[in-house]
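Participant: The chain contents come next:
Protein chains: 2
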Amino acid sequence: MEDIKTIEWVNGKVRILDQSQLPEELVLLEISDHHGIVNAIKNMNLRGAPVIGIAAAFGVVLSIWNAGESDRPGFLGKANKAIDELKATRPTAKNLFWALERMRNCLSGNLNKSIREIKSALLKEAEKILSDDIKTCKTIGKLGAELLPNRANILTHCNAGSLATGDYGTALGIIRAGVEAGKKIKVYADETRPLLQGARLTTFELLEDGIDVTLVCDNTAAFLMQQSMINMIIVGADRIVRNGDVANKIGTYGLAVLARHHNIPIIVAAPLSTFDFTLESGRDIPIEERAAEEVIRCGSKLVAPEDVKVYNPAFDITPHYLIHSIVTEKGIIKPPFFENIARLAKNKT
Amino acid sequence: MEDIKTIEWVNGKVRILDQSQLPEELVLLEISDHHGIVNAIKNMNLRGAPVIGIAAAFGVVLSIWNAGESDRPGFLGKANKAIDELKATRPTAKNLFWALERMRNCLSGNLNKSIREIKSALLKEAEKILSDDIKTCKTIGKLGAELLPNRANILTHCNAGSLATGDYGTALGIIRAGVEAGKKIKVYADETRPLLQGARLTTFELLEDGIDVTLVCDNTAAFLMQQSMINMIIVGADRIVRNGDVANKIGTYGLAVLARHHNIPIIVAAPLSTFDFTLESGRDIPIEERAAEEVIRCGSKLVAPEDVKVYNPAFDITPHYLIHSIVTEKGIIKPPFFENIARLAKNKT
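So the sequence lines, in the order shown, correspond to chains A and B.
Note that the numbering used here numbers the first sequence so that position 207 is 207, with each residue one more than the last.
Note that the numbering used here numbers the second sequence so that position 307 is 307, with each residue one more than the last.
Among the clues, some could well be false.
Stated by the list, open to error - BS3-like mimics (lysine-lysine), calculated; alpha carbons at most 27 Å apart, straight line:
| no. | chain 1 | residue 1 | chain 2 | residue 2 |
| --- | --- | --- | --- | --- |
| 1 | B | Lys184 | A | Lys309 |
| 2 | A | Lys5 | B | Lys309 |
| 3 | B | Lys128 | B | Lys330 |
| 4 | B | Lys334 | B | Lys135 |
| 5 | B | Lys309 | A | Lys184 |
| 6 | A | Lys309 | B | Lys309 |
| 7 | A | Lys183 | B | Lys309 |
| 8 | A | Lys301 | B | Lys5 |
| 9 | B | Lys301 | A | Lys309 |
| 10 | A | Lys186 | A | Lys334 |
| 11 | B | Lys128 | A | Lys301 |
| 12 | B | Lys128 | B | Lys87 |
It is worth saying that the hints were derived from the structure and are not from the lab.
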């Protein structure tokens, strides 16, 4: 994935790879105002908790990039309104709120500066969120790779790769680092209905990198485990709370139950920006419900009666007691999660 | 589903509803030779264990329907060759082999008759396989409905309905009979990748009958169970062996593990023709692996890199110890399955 950037700032615009069109078309979108970022996040032209945060940060920059340099209240109003609009795009991934909080702090920390200087500070902050994320993923990858057996048959769900982050990925970062460390790795990628991020994005990324990957339907995961074809499951996360419960792409909870039944460890890979230290239990995480259209159509083809009721939650909650470990850039967290996450929160501040 | 017949014999031809085009198009195919039936089974224009058996039986009739009445060895050769070709269409569902065995027995039991009389006997046998199946489904429905709570929230997988049988269905037969008995039933239908029989067929059937149905992606089933939205799972079967292990559409095994974790009963509904009394364990059931194309394309749309490896088993094996009960037309089988299935086999002969 070295030649294709998931997201970058180019001459006053944000350039993103349109993930909704992969793998059929490789289309770059140039976005010049924050409404474009709002729409790209809502419509999932770009998805994945870390990169949603990065995109939102650049969205804040776009909202004021062309603002005049005399109307100070107008400038601040624009930035704050953009932050609120970006916050409302998707409810589950913590990284979105975390990145916008960083942008809000950057704004308030630079109020004594000129508008030109504030613009520059905001851009610097967004670029730092991006570059930090890439470093973070590399660290997660390196730390997590130590958990991999020398011959690892890994099941992964959705896409927690380069396309979900600044680069390198969280779950796929661990796989990449394992391959770089010379481990023999075979990946099974759940296709991940309804939007098929596993089929469209994870296999695309891994093929680009020459990593051995086999695509399966989500409902095939249990059979793979029964046949001893999997010895580790690695997933990303959209939000992790104080007791270690994890919100991630719908289907993760089922994999965790299956993993327990087959005595296979399930590893969660996520940066600290995914942790919500204000919530105690996964029950408190808002779960986004998305449109029926995602399920009843595939491209333009109708694959169910048009008037059928659909229940389409985008995430589920995996209770901490099913999770083997959580790999962060600050180290690997193991049970007891509540105590060990509390320690992490303390060290962080 | 009263106006639309899944399969029928009409003036020397077999008319089937093309399930591969539902729900977008309601197309009837008229098939006039047994090669047409072979292709319809292989390409899944028609699928579902019981109806595959019915179609194969009619295929045998088609193979000799227009044969001359003087060349006796030629006539018998045609019929036997057709039986062999029909047998080779799909490997997992027992009903296919069971129905062809009935046709082979009918043929050998009428060898002393004229060719005209043998033709008529074979047609009569195929029509009896069809009409018996409909009666069988009604009985399974009635017996199984007694297992339903008065307020049943049922998860179902794939399609074990009218479209999988002569009419009425096995798993959906129980649901229909429950509704007829005045129970309050809400159905969640797994879409069932890759061919989406749940999305395309089960919801279509249930909407036609005015039964409350909600479509979900396969990977959402665990979340529904976790949220206490399901109190029973009902599925069909493609083959059941002596110890009670069940081959059914891929994904069934995962549901059974999830059902155990959430303490939800999983009920299997199947006619005796699905039982293979020659095999002792599910390990011995051949599992069909189907083409990668089913997973990487949706209609004409490519949803994964064209060159990605795909593993696409069409069935899995659910071990008997996860199953609550098996509903047949001869009664409900409960654990210990080995003993109770042995008793069934004995009573049958």
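Participant: Within 27 Å, alpha carbon to alpha carbon, are lysine 309 of chain A and lysine 309 of chain B?
Facilitator: This hinted pair is violated, its Cα atoms lying about 34 Å apart.
Participant: With the threshold set at 27 Å, check whether the alpha-carbon distance from lysine 334 of chain B to lysine 135 of chain B stays at or below it.
Facilitator: holds, 22 Å
Participant: Between lysine 128 of chain B and lysine 87 of chain B, does the CA-CA distance stay at or below 27 Å?
Facilitator: Holds - the C-alpha atoms of lysine 87 of chain B and lysine 128 of chain B are around 19 Å apart, at most 27 Å.
Participant: For the pair supplied as a hint, lysine 309 of chain B and lysine 184 of chain A, is the alpha-carbon distance within the 27 Å limit?
Facilitator: holds, 17 Å
Participant: Is the hinted pair lysine 184 of chain B and lysine 309 of chain A satisfied, with a Cα-Cα distance of at most 27 Å?
Facilitator: holds, 17 Å
Participant: Compare the distance between the alpha carbons of lysine 5 of chain A and lysine 309 of chain B with 27 Å, and conclude whether the hinted pair is satisfied.
Facilitator: Distance of about 25 Å is within 27 Å: holds.
Participant: Starting from lysine 183 of chain A, check that the Cα of lysine 309 of chain B is at most 27 Å away, please.
Facilitator: Holds. Lysine 183 of chain A to lysine 309 of chain B sits at ~20 Å (cutoff 27 Å).
Participant: Lysine 186 of chain A and lysine 334 of chain A: Cα distance at most 27 Å?
Facilitator: Measuring from Cα to Cα gives roughly 25 Å; hence the hint holds.
Participant: Need the status of pair lysine 301 of chain A, lysine 5 of chain B: alpha-carbon distance at most 27 Å?
Facilitator: holds, 25 Å
Participant: Measure nothing beyond the straight line between the CA atoms of lysine 128 of chain B and lysine 301 of chain A; if it is 27 Å or shorter, mark the hint as holding.
Facilitator: violated, 38 Å
Participant: Would the hint linking lysine 301 of chain B and lysine 309 of chain A be met if the CA-CA limit is 27 Å?
Facilitator: Since the Cα atoms of lysine 301 of chain B and lysine 309 of chain A sit roughly 24 Å apart, the hinted pair holds (cutoff 27 Å).
Participant: For the pair supplied as a hint, lysine 128 of chain B and lysine 330 of chain B, is the alpha-carbon distance within the 27 Å limit?
Facilitator: holds, 18 Å
In terms of the numbered hints stated before, the structure departs from hints 6, 11, listed from lowest to highest.
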